[in-house]
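One line per chain: the protein sequences are P, R and Z, in this order. With the first letter of the first sequence counted as 1, position 89 gets the number 89 in my numbering; the numbers rise by one all the way through. With the first letter of the second sequence counted as 1, position 13 gets the number 1013 in my numbering; the numbers rise by one all the way through. With the first letter of the third sequence counted as 1, position 185 gets the number 2185 in my numbering; the numbers rise by one all the way through.
The hints are all genuine.
Reference listing, derived: stretches of chain R covered by chain P, where coverage requires no fewer than 3 residues with Cβ under 8 Å from a Cβ of chain P:
#1 1109 to 1121
#2 1127 to 1133
#3 1300 to 1310
Calculated from the structure, these hints are not laboratory results. Even for Gly, the Cβ is constructed at its ideal location relative to N, Cα and C.
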Amino acid sequence: MNYFIVLTLTGIAAGMIYSALALALVLIWRATRIVNFAQGAMAMTTTYIALAVIRATDNYWLGFVAALLAGLVLGAIAERFLVRWVETGPPLNAVILTLGLFLILEGVVPMIWGAQIQSFPAPFSIAATQVGDTFIALSHFNLFTIGLVLLVMLAMLVFFRFTAIGLQMRASAFAPDIARLLGVRVGRLLSLGWGIASLTGAIAGLLVAPTLLLYPSNMDSILVYGFTAAVLGGLDSPVGALVGGLAIGMALSYIGGYLGGDLESIGALVILIGILMVRPQGIFVHSAERRA
Amino acid sequence: MTVLERIQSRGTLLTHGLLGVLFIVAVGVVIWLLDSVNGFIVYQLSSVTYIAIAAAGLTVLTGQNGQLSLGHGALMAIGAYTTALVLKTFTDLNPAIVMVASILVTAVASIVVGAAAARLRGPYLAGATLGLAVGLPGVAIRFSSVFHGDQGLTVPALSSPDALSDVPAEVWLAWVGLIPAAVTFVLLANLLKTRYGRDFRAIREDEVASALHGIRVSRTQVIAFVLSGACAGLAGSLMAYTSNLAAPGSFPLTLSLQLLAAIVIGGLGTLPGAVWGSLVIVFAPDWIGTLNDAMKLPSNVRDELPLALFGVVFIVAMLAFPYGIQGGLRRLIAWRAGRRRAAAAQA
Amino acid sequence: MLEVEDLRVTYGGVTALDGIKLSVPDKGITAVLGPNGAGKSTLLKTIAGLVKPDAGRISFRGASLLGVAPEAIVRRGISMVPEGGGVIRELTVDENLRVVQPKKRQGPDGKSAGKSGIDEVMELFPPLAARRHNAAHSLSGGERQMLAVGRALVSRADLLLLDEPSLGLAPKFVTLIMQTVRKLCVERNISVLLVEQNARSALSIADQAMLLSAGRTIAARAAGDLAKNEELWHAYLGY
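Produce the entire structure from the sequences given, and follow the hints as far as they go.
Following this line, the structure appears as structure tokens:
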């Protein structure tokens, strides 16, 4: 198959994972105007939890569910007991706080499970799919990745658009003080918002690990890609996160394919700085304030 | 007029310079004496010199100017690789010249990053510099014909001159580190007292007001970044001399975060704080190791505990000082002023 | 229904309210009048739980409101309409109404009532019905106040706290809002605590009124008496 098409397809599959992490960042940014720099580390942690459950039960899907639940709980706890206290302070404090959480998680996880690189199972084959005599660059696992992330996006859309809790969460994000005066329990919803975001991040962690392997800093570069994707999409827009993730996924796939895989991270940095210089408000937001 | 006052009247640079020389001599003697007791501590002290240089640069940028950088570890890598490459070609070049070359190369790189950074705020700047920290090691691996990939480049050890051949290697290394460290601190302390320092702080407090007062905000921010990057470059060079190596594994994201931890521990924004913070950063793993040996904890706990504890420090510092250390100080001052006014009103 | 005693509030060393006493009956409109900076808005915010008092007591139906979160106070049946209406600009009119968490009912069947509440608001304010699915930022100032009052209606509040509803509105909307407030008060047995700088329009619908100045109560009596007391008008309101 044409090399360019192969790179495009693998870029789309990888981009879906970046979209999931970008969505996690966007959800938290919308709710609390904080970029959660611990998002990658939290996803790494939940993936280790999944691995422990998979090893104990010999069932991938139990591990999968455990990771999502762990993400939900971890995010809610982080908001309730840490982030809550810096939400109204200067933005620098929130950034340093999430970095603190990052360091704690990347320190504690290897204390429990060791720092060595571990393999992580995939629920479907990660080999290229064969249709008749031709191979398609996308594996069954890639297709699962694309389908799962699209499903998550759709579920989020339905949740925020059409449910009462989703409406209350949007109200809390737009105008927390007014929402309080309408009887909305803003604090609980912020915790839930962080929980849902971290659940989304946990999905990204599960999808990264089979190909990139699992070790305490395995999500560091994914966090940069997800952040770049979120900024490209405007940091405020879930749809932007999806499109941004796909764009970054393909761009990095071309960079990796034509220039060398080790340049992907620095490539993401160049793209990030390029976006921030040329169109700082991102693609999907028209009048966002970037200098906050 | 006492001698000290007479010196002070000649300008702060001279005062700071004299203090710097005194400091070098005093600490130099202490190091020599200490070496007969514990050579390892002396070796660690040379690590303190370069961590302190980088932390001093970061505290000027983050504490004084309000720009957060998570990429100073990567800037140190630029300095370290410059040192390694220069020494590969000119094996016996004077360390002072090598360090100046490292400073210049890193400063040029910092202009690029700083120009981008000056347009970014808060989480955007943090994200971009995070990208630098995560991405730069990959460059060394990709172009391994120049940078030798994961192995990295070796740096020849510093040897003491023949006249001082009795001086142990680690003492000489610490002495060599003391000089650039003292020079850095003297120059930075002096700079912070000039108009540039005031402009840095003014921008941190209120960008719009600073611009209205005629401060060229972007230009000043780039200057702060380049200055800070130059410090990181010097630190990287010294680090290469100390560890005899420039390799991607020496500059992980956690190095940048450790530098941040040093200035958070030191109180975000003061130069002496950067020194205390660096001492903690370098020696904390040893203390924790000793503690662990006593408690018989497994080795993976011992290895990871310092990092996790720095994370705890970040969180505690932010929860205890929700308005920053500066804000906390301001509130304290305002509170005391208020009490004084109230007392005056009663009288 | 609402009893406030010896309420004292300070903002960063400045005393905003100093020993306020206030009793709001089960029904009727109580107007709080006073010049700018008298502490009127602070009084409402303190009752709604947005501002913590330094001293004093606030009780609603005999239960203290001190230390109760704003969102919990709403659920007890006190609804506040902040200055400017406080509509959520990014949400539609319909969503602004649906997001309201109504007061807890004693009996069963809570949900259907909320739904019909929205329909009632649409009947009461036809301009809102026409813009039901438009974003709230496209509403005029008068429509925003209608939406804000409508939200209070959906919340099934027993006590309505209105902060300067006439601020920045054209005279015909001021009259419409005031008449609607009066109507709600009579038809639904709602008690209203109305803060206004526009004393004449407030007194035209109020049953009793209190006059605040510099955080202290200057006068509290029946609205009609206060309207006739020329001396007080000149001294504290300047007209």
